[in-house]
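> Let the hints inform the model, and build the full structure from the sequences given.
Protein chains in written order, with my numbering: chain A, -6 to 370; chain B, 26 to 160.
Since no wrong hints were added, every one of them can be taken at face value.
Cross-link-like lysine to any residue pairs, in silico, SDA-like; alpha carbons within 25 Å at most:
hint : chain 1 : residue 1 : chain 2 : residue 2
1    : B       : K54       : A       : E246
2    : B       : K54       : A       : N218
3    : B       : K54       : A       : P327
4    : A       : K285      : B       : D52
5    : B       : K145      : A       : H340
6    : B       : K54       : A       : L253
7    : B       : K144      : A       : E339
8    : B       : K144      : A       : Q271
9    : B       : K145      : A       : T336
10   : A       : K361      : A       : E332
11   : A       : K361      : B       : K144
12   : B       : K144      : A       : D341
13   : B       : K145      : A       : D353
14   : A       : K87       : A       : N278
15   : B       : K144      : A       : R284
16   : B       : K145      : A       : G274
17   : B       : K81       : A       : G270
18   : B       : K144      : A       : E364
Sample of chain A residues lacking proximity to chain B, with all beta carbon distances greater than 12 Å (derived):
hint : residue
19   : P31
20   : E110
21   : S163
22   : N216
Because the hints were derived from the structure by calculation, they are not lab data.
The C-beta atom is built at its ideal place from N, Cα and C for all residues, glycine as well.
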Amino acid sequence: MNQDGGNGFDVPAGDEFVRFVFRGKRFETHELPVAVLPSLTALEKLLRLVAAAKYRKQHELPSAPRGFLSEFRLILAYRGEGSTVTGCVAHLPKKDAGHYDQSLSDAGQWLNSAQNEAEAASLSEEMLLQLVRMTEVLDEDESLSIHQRGGRQLVAVTRKAHDTLKGWRSTPTVRRERGLLGKIVGGRHQEYFEVDVPRYGKLVKFKAFREDDWPTITTAMSNPNKFEVRIDAVVDEDLSDIPTEGIMAHHIEFVDGPELYTRLEHLAGLADGWYDGQGYGITENTMQRARKLLFRLLENVRGLSRPRLYPTFQGGVQMEWSVGTAELEIDVQPEGGVETAVTIGEHDESDFFLPGEEDDLHHWASGKFHELIRGKR
Amino acid sequence: MSAPNGPRILDPACDLHRQVHPEQVQDGKPTSQAFLSSHAHGMLLSVADGRKRNAKDAHEFAVAQGLATAGTWTVTVGHVDGEGLSAYEDPITLEIATREGISPDPAHACIDQRQDGAKKAARRLKVHATRTYPT
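Here you go:
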């Protein structure tokens, strides 16, 4: 066991997740009043909320898995000399544990903003509540500094931060720039249009859009099942990244190609033996991976058409695009890997991405599509 | 079936007719998977020898066997050779048919995909393939 500067730390330095240092008269007696413990439980709850939002965003899922949240626990591991120093280790989930470290940094930034009376951060009501609880344990003459792994101080707050936080209003939505894939189902010239986004089962209304896009909107509206559109827009999202309101549509384009949702549903329904008594059906897990990858690409790559979708003999999903003279394939395999290939004339290149390399895959594919689409134009 | 049971087809102009499963065609286009054999088929891709059966007859033969097919796509032996593969006559004799519970087929041929790079070759065959029945 390491000793830390004679302060009485009795856990290995590398295991420390967060350290609270309380200062003020109450703490000069070298005791830790139980009244301040809610500050630690509030931090634990806050980190779960923020890490879950990060997980949802990274994996584009409506919720984080139960284990990701339940496996995370802060453990009061030691009290430093003077009882003002309270260290915690953390039990972290096996996967994506880094989200908790990042969440702690975020919490430090928000508290710092509150201490400096800076602009309110975008926080849900529950997140804001936990920040208020963290700081309400402090009396007027007291301060709390929070340190992360390695001892780096994230923030030092006083009662002032608490007063600022009480004045903040929760932000039920987050505003951001993103792509949306959907069907325009209603609208009125110079007023609004509504887009049905099947991926989220949501109707999103835009009151601001470019006049130049109105012809596209009317055509799309005339036959929503035929003319699917991709919209580059600023939207408000809830904390699960589900769009709630359209703020401004910058660019609207038709997404050519075969109908997507019916085909995906069809593939998901293929049973073992679909290929003349042979061929494996596609598991829900494989379908989910394919959908996630596909929608991420379609929403983010301007000019990308809908792919042709095929089952593979082994129970995978193969997506194929023709872009100019190029053929691009993405084979989502049932074992978890993804094989990609680009064929242009005599040129043929292929690559393989392991499970966990989804971001690399997205980066590679979107880069390749941008390159091919630009070349086509 | 682990190896072709006939000689290599050397005529580069010889057509090879492939029946493509309906699930492997979308928007009128076949997937490269349609030109890739599987380990279940010994990595030998079944085709019909164009010298013995035309595209229409190849399709009708498959339908008569109860196989699902969206149509015939055709490549040539020259395409196959060009991708580093080889095509073989592979007739299903009465003896083989009886043993494997399938129908005899004297026009059966195959493209040997047992070496590395079969997927790449399949992608290239897809590019070369032309729909020949129904057109």
